[in-house]
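Going by numbering that gives the first Met the number 0, the first residue of the sequence shown is number 0, and it counts up by one from there.
It is possible that some hints are incorrect.
[Stated by the list, open to error] Per label pair, the in silico range of CB-to-CB distance:
{"no.": "1", "residue 1": "Lys245", "residue 2": "Leu268", "range": "21 to 27 Å"}
{"no.": "2", "residue 1": "Asp255", "residue 2": "Ala65", "range": "43 to 49 Å"}
{"no.": "3", "residue 1": "Ala205", "residue 2": "Gly27", "range": "38 to 44 Å"}
{"no.": "4", "residue 1": "Ile231", "residue 2": "Leu5", "range": "36 to 42 Å"}
{"no.": "5", "residue 1": "Trp250", "residue 2": "Gly211", "range": "38 to 44 Å"}
{"no.": "6", "residue 1": "Gly252", "residue 2": "Met125", "range": "58 to 64 Å"}
{"no.": "7", "residue 1": "Ala242", "residue 2": "Ala324", "range": "45 to 51 Å"}
[To be verified] No more than 30 Å apart at the CA atoms, straight line, and that leaves these computed lysine-lysine pairs for DSS-like:
{"no.": "8", "residue 1": "Lys321", "residue 2": "Lys178"}
{"no.": "9", "residue 1": "Lys321", "residue 2": "Lys177"}
{"no.": "10", "residue 1": "Lys29", "residue 2": "Lys177"}
{"no.": "11", "residue 1": "Lys243", "residue 2": "Lys178"}
{"no.": "12", "residue 1": "Lys29", "residue 2": "Lys262"}
{"no.": "13", "residue 1": "Lys243", "residue 2": "Lys262"}
{"no.": "14", "residue 1": "Lys243", "residue 2": "Lys29"}
{"no.": "15", "residue 1": "Lys245", "residue 2": "Lys262"}
{"no.": "16", "residue 1": "Lys178", "residue 2": "Lys29"}
{"no.": "17", "residue 1": "Lys29", "residue 2": "Lys245"}
{"no.": "18", "residue 1": "Lys177", "residue 2": "Lys245"}
{"no.": "19", "residue 1": "Lys29", "residue 2": "Lys321"}
{"no.": "20", "residue 1": "Lys243", "residue 2": "Lys177"}
{"no.": "21", "residue 1": "Lys245", "residue 2": "Lys178"}
Simulated from the structure, these hints should not be mistaken for laboratory data.
This structure is a prediction, so every number in the text was calculated from the model and none was measured.
Even for Gly, the Cβ is constructed at its ideal location relative to N, Cα and C.
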Amino acid sequence: MTPNPLLGVLFHWLGGFASASFYVPFRGVKRWNWEIFWLTGGIFSWVIAPWFFASVQTNDLMGVMAQVPSSVVGWCIFFGFLWGFGGLTYGLTMRYLGLSLGMAVVLGLCTVFGTLIPPIFDGTFMTEIAGTLHGQIVLLGLAVTVLGIVVVARAGARKDAALSTEQKAAVVAEFDFKKGIAVAIFSGIMSSCFAFGLAAGEPVKALSAAAGTGPLWTGLPTLCLVMFGGLITNALWCGWLIAKNKSAGQWAGAPDASGQRPKLLPNFLLCAVAGTAWYFQFFFYTMGESQMGRFGFSSWTLHMASIIIFGTCWGFAFREWKDAAPAVRRMVWSGVGLLILATLIIGYGNRLAS
0 MTPNPLLGVL FHWLGGFASA SFYVPFRGVK RWNWEIFWLT GGIFSWVIAP
50 WFFASVQTND LMGVMAQVPS SVVGWCIFFG FLWGFGGLTY GLTMRYLGLS
100 LGMAVVLGLC TVFGTLIPPI FDGTFMTEIA GTLHGQIVLL GLAVTVLGIV
150 VVARAGARKD AALSTEQKAA VVAEFDFKKG IAVAIFSGIM SSCFAFGLAA
200 GEPVKALSAA AGTGPLWTGL PTLCLVMFGG LITNALWCGW LIAKNKSAGQ
250 WAGAPDASGQ RPKLLPNFLL CAVAGTAWYF QFFFYTMGES QMGRFGFSSW
300 TLHMASIIIF GTCWGFAFRE WKDAAPAVRR MVWSGVGLLI LATLIIGYGN
350 RLAS
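Generate coordinates for the entire structure from the input sequences, incorporating the hints supplied.
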């Protein structure tokens, strides 16, 4: 199949929308501790959805997995384990900073690390990217992405600086700028490890293709391995919190601290939707990457930019920006405009290279 980078951009936009939207259903979960709804949603994100969709779209999934070298399995799971720390603290970032500012800080760092480290590591950065016109256009897109992220983050900082403590609490109940920034920096660096896990899983894609899997779907088995690593991290942390808070009974309807019982069916359904949406970001990511041709590494930049675009839109939908000055709102939309421009620049650079 001939790569189609513009179609790849569309897939990455879909993945970005899924990622930016995953936390929205969690907002409807009532009377469950964070560790309960996070782990419940995570079971769908890291286990059920990856294996289900990989089994549907991959020819002889178990046969493919049986051929994967143990070293490849190990690296995929290891990078997934590190990425798990990013995903774990990503949720905390949303709690402390809100959707708009939290996503901007986390994904800004994640974009740079996740995009540039793989080609630098495999030795192709100087020859195939920095040394070619189409590669330079892709790097220009990365620079515009970072600029857009900075503009969005700056707008978020100006918005929050102008709010009173009461206004901040009304928008983000647990707002804490210093704590949120520290968590966001750690989350951004660790989250970039997912890109390293995907790069380590290239042999899995080759085995899947050799088994007759269509090019759009060859990346799905790798997700099963990388996300298993993320499951380990999150399960260990949530398990510790569950033991500490004695919250396991909430799965069976035990009352919370106020003595009120949760409604189990709505909570489980909301967690299932949230977890599946979280997975779908990478489902569409692998589809988009398959269309980017020689510069598949640029998929990470497209993915991050798309998440921030839609995350900012959700921030407006939840009225996180309602008290911001008109100039600040114009600033954040200008940042979104830069991010949209960046995705088109990267798509064009990939088209020249294909």
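Open item on the list: Taking 58 to 64 Å as the stated bounds, is the beta-carbon spacing between Gly252 and Met125 within them?
Closed with: holds, 59 Å
Open item on the list: Against the 30 Å threshold, does the CA-CA distance of Lys321 and Lys177 hold or violate the hint?
Closed with: holds, 22 Å
Task: Pair hint outcome, Lys29 versus Lys321 [Cα-Cα no greater than 30 Å] - done: holds, 25 Å
- [ ] Mind checking the alpha carbons of Lys243 and Lys177 for me, to see if they're no more than 30 Å apart?
- [x] Holds, because 25 Å separates the two Cα atoms, which is no more than 30 Å.
Task: Asp255 versus Ala65 beta-carbon gap, inside 43 to 49 Å or not - done: The hinted range 43 to 49 Å holds for Asp255 and Ala65, with Cβ atoms some 45 Å apart.
Open item on the list: Please verify whether Lys29 and Lys177 have alpha carbons no more than 30 Å apart.
Closed with: holds, 27 Å
TODO: Compare the distance between the alpha carbons of Lys177 and Lys245 with 30 Å, and conclude whether the hinted pair is satisfied.
DONE: At roughly 29 Å apart (the allowed maximum being 30 Å), Lys245 and Lys177 satisfy the hint.
Task: Satisfaction of hint between Lys178 and Lys321, Cα-Cα up to 30 Å - done: holds, 23 Å
Open item on the list: For Lys178 and Lys29, compute the direct alpha-carbon distance and say whether it is at most 30 Å.
Closed with: Given that 30 Å is the threshold and the Cα spacing comes to 25 Å, the pair holds.
TODO: Starting from the hint 21 to 27 Å, judge whether the C-beta atoms of Lys245 and Leu268 obey it.
DONE: Because 25 Å falls inside the window, the suggested range holds.
Task: Pair hint Lys243 and Lys262, alpha-carbon separation not exceeding 30 Å - done: This hinted pair holds, its Cα atoms lying about 23 Å apart.
- [ ] Decide if the proposed pair is consistent with the structure: Lys245 and Lys178, CA atoms, cutoff 30 Å inclusive.
- [x] Answer holds: Lys245 to Lys178 is near 25 Å, not above 30 Å.
In terms of the numbered hints stated before, the structure departs from none.
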